[in-house]
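Q: Quick mapping for you: the protein sequence lines, in order, are chains A and B.
If you count the first sequence from 1, position 360 lands on 362 in the numbering used here, and the numbers rise without skipping.
If you count the second sequence from 1, position 435 lands on 437 in the numbering used here, and the numbers rise without skipping.
Just so you know, these hints were derived from the structure itself, not from any lab.
Accuracy of the hints is not assured; some may be wrong.
Same chains, same names: a pair is fine if it fits in one copy or spans any two.
Straight-line distance between alpha carbons at most 27 Å, and here's what the computed BS3-like set of lysine-lysine pairs gives [as the list claims (entries may be wrong)]:
(1) LYS273 / LYS227
(2) LYS39 / LYS377
(3) LYS41 / LYS474
(4) LYS187 / LYS163
(5) LYS173 / LYS377
(6) LYS124 / LYS497
(7) LYS191 / LYS227
(8) LYS191 / LYS377
(9) LYS39 / LYS163
(10) LYS122 / LYS297
(11) LYS166 / LYS430
(12) LYS194 / LYS124
(13) LYS414 / LYS163
(14) LYS163 / LYS263
(15) LYS414 / LYS187
(16) LYS191 / LYS297
(17) LYS377 / LYS100
(18) LYS235 / LYS122
(19) LYS130 / LYS166
(20) LYS263 / LYS170
(21) LYS130 / LYS191
(22) LYS297 / LYS130
(23) LYS483 / LYS170
(24) LYS15 / LYS422
Protein chains: 2
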Amino acid sequence: MFESAEIGHKIDKATYDKEVPALREALLNAQFDLAEKAKFPVIILVGGVDGAGKGETINLLNEWMDPRHIHAHAMSERSDEESQHPPMWRFWRALPPKGKIGVFFGSWYTTPIVQRVLGKTKNAQLNKSIDDIKRFESMLCNEGALIIKLWFHLSKDAQKKRLKSLEKDPKTRWRVTETDWERYKQYDKFRKVSEHTLRETSSALAPWVVIEGTDAHFRNLSTGKILLEALSKRLNHTVKSHTETVPPLQPAIDNLDLFDKLDMKQQLGDKRFATELEKYQGKLNLLTRDPRFAKLSVIAVFEGSDAAGKGGAIRRITGALDARHYRIVPVAAPTEEERAQPYLWRFWRHVPRTGHFAIFDRSWYGRVLVERVEKFCAEADWMRAYSEINDFEEQLINNHAVLIKFWLTITKEEQLRRFKAREQISFKRFKITPDDWRNREKWDDYQAAVCDMVDRTSTDIAPWTIVEANDKNYARIKILKTLCARIEAALESVKS
Amino acid sequence: MFESAEIGHKIDKATYDKEVPALREALLNAQFDLAEKAKFPVIILVGGVDGAGKGETINLLNEWMDPRHIHAHAMSERSDEESQHPPMWRFWRALPPKGKIGVFFGSWYTTPIVQRVLGKTKNAQLNKSIDDIKRFESMLCNEGALIIKLWFHLSKDAQKKRLKSLEKDPKTRWRVTETDWERYKQYDKFRKVSEHTLRETSSALAPWVVIEGTDAHFRNLSTGKILLEALSKRLNHTVKSHTETVPPLQPAIDNLDLFDKLDMKQQLGDKRFATELEKYQGKLNLLTRDPRFAKLSVIAVFEGSDAAGKGGAIRRITGALDARHYRIVPVAAPTEEERAQPYLWRFWRHVPRTGHFAIFDRSWYGRVLVERVEKFCAEADWMRAYSEINDFEEQLINNHAVLIKFWLTITKEEQLRRFKAREQISFKRFKITPDDWRNREKWDDYQAAVCDMVDRTSTDIAPWTIVEANDKNYARIKILKTLCARIEAALESVKS
């Protein structure tokens, strides 16, 4: 969920100063239309890591917008009167009426998340709260509200730096309290609970938008642009109903994404490769012959750019396995029978029983990759696919599957080199088609889809492993190592 | 949930024999259209009390419909292969493709309900399963499926009779097993868990329909008609999308409803009334002065037919209360400010703090009564109101409110008598308006709406009390008694 918000998004001052005046004007116009014509309530929720600029952003919104039609509510501890009413009472009181904007700084998410982090509630209670919140928000949407949920994120390091720098400046020292440092110590717990909560409540109705909070220019400009986009979409009726507002998960107004942070130069010499290959293939073989393996299943998913080397990597795995126990599932266009069923049906067919190993050469992620980019399905369909996929994978894992997902990535230049090479070598010529060249033209769209995919489906229980695959040796060993480590960990947790 | 399925619905043989041929023909035609033109999958779930005729009904459907396009799946214990896969795997395998009908006898509801009844899981796990089911069914609907969920119900007595009569007949004796009698012993637990599960999963997308299982003719005809109605609606596009199929909660094809079972002749003489009034007003006064009362709030809701005597009953209560601690909230048309907010907002405003007593003269139930009958809001809006109201009331109760809901009912004749009397007495003339006469013309629509309301919102924690109000004395004492009993029970549960 937070992967794309830890890569150092930044906007320089010149760009910022140039863009802000037009943005402010557009926001004011949208706000005027909202108040005078459109008549629906706008609810902005602001949450996130301490020190990530939540307060500053709210101040900024108040400054940029017409204060008669926007109201910010800082919801901290409950007052006497408030605690004599149900917890949601104070939020109901503060809901903006039609035509107005209400900003909630501290929202119905705060208590469930904080209580869980502090260990005052258990997972079951957190999940109950999440369920309540989902029904509440769905009611608001049905009543016509536009809900915009912003989460300001900082990596652990960035939070530390931020708190320290606030402390150093005499003008801001007062803003850092004891509590802030205590919360910092709980960072990992807080991150885990928030991630779970955000993922579960990121419905197509009201998805969360995560904004990296390190750079103020980036943060402010992102917030303003997201708000403007969501408002304009509803005001201009380019979305058919209030159930179809889909802002991007991560604003990337600075054109920086996950892949920019990878070291694509990593490689492995042939000799070293041969040694490692033997070592990890042997290990993988041993692991799958462990008696406890009968209680598990392994599902390895291979996705990646065209020509990134999925096939070659898969062959290095199957070379270590007993043919009776594994199955490669190549995923192509659905058959007629499959088209007559819900999307995930064709993958359920190939779910392995325990003791078995399934390798998916492409997978259910096609929905949010090729089907999204090529517009083979409606936006609403691929949007809901994220949570359907998370549900599906949760079921696999609850049934003792070890689910290992690889994204093989190569640079655009390397892809070109490989395409051209394929055209030269006769026995590889079948591997390059006009489709490949067409897909290549949409390189940026695919990259954006991959980033959203990783952000939305890299869960604790089923994380993505991004494999730098410009060097085939390096990629193959990284894959084998990851497989061995994950299977080994799973075997250890099997009660024998 | 089951109130309307315990009143002895019945269809006589002559009517049955007359109606069946046309129904069968219509069903076959609908099935043909489904297979040839419409191309969406139909999923029928069949659940309910043992002995309520689930099996017979499925046999009947197989007999009535074209067997090439309908498939029944009896899902009992998981096979070896099935238990080596995630629990949902076998249901995915059995899903009907587009154009076909799949009947599930024993569905994804069976295990969660049975496990909870047997005490093998806790409430938290049941609720997690419910949440999973809701997401699964919402996915199916988004994929275009029509889901029809039928619950065959028997009262405890009826189940006992049914099992005994099956045992007596040598031809059916084999059908009653040890397990059936053991389950019968768990009837109350089973009913409670099922009721909770059904209410939580009765979404506007895929609501449950409860069918009383005592009389085979009624059961069969209801099932056939519900199926036909749901199919026709989708096939003829009278519903705009698959998210708008709303069958009636309880089929009342025999024109029998909850009110037919009430004894409307109950009355109380004036002398006895005076004694009882003094007794219960005194008791109520004492209860509200109990120190533990400060930790509670009381919310009394009065709904009822026009001229049923709500005002008079309320005055008998307030006569016993300290004016500083209660408030009467008369609910009329919403103000302009209220119309700019979500529906429940205007009731949230009047939620009392602890230590206080609020009496709602009409309430949030207007949404599913007058607004439904008079079409002041869309069907989708009042349909979703049931669960929104249940959520709202759950929050009140979690905040230590004692929620007591009265429906005051009078017969149509008694209403006429009162209307006429009001017109005669000058100081009561303001109480009778043309609106009252207009509402009276829609008597049957209102009665149907009330039955659905009771079935969908009479919960364990917030039950409806139906008050036979033809005799005002009787009604007022019944109300005071109920109030005292509920408040007394709540006080006892307060930790002092």
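Q: Going back to the hint list, which numbers does this structure go against?
A: Result: hints 1, 3, 5, 7, 8, 9, 11, 13, 15, 16, 18, 19, 20, 23 and 24 break, sorted rising.
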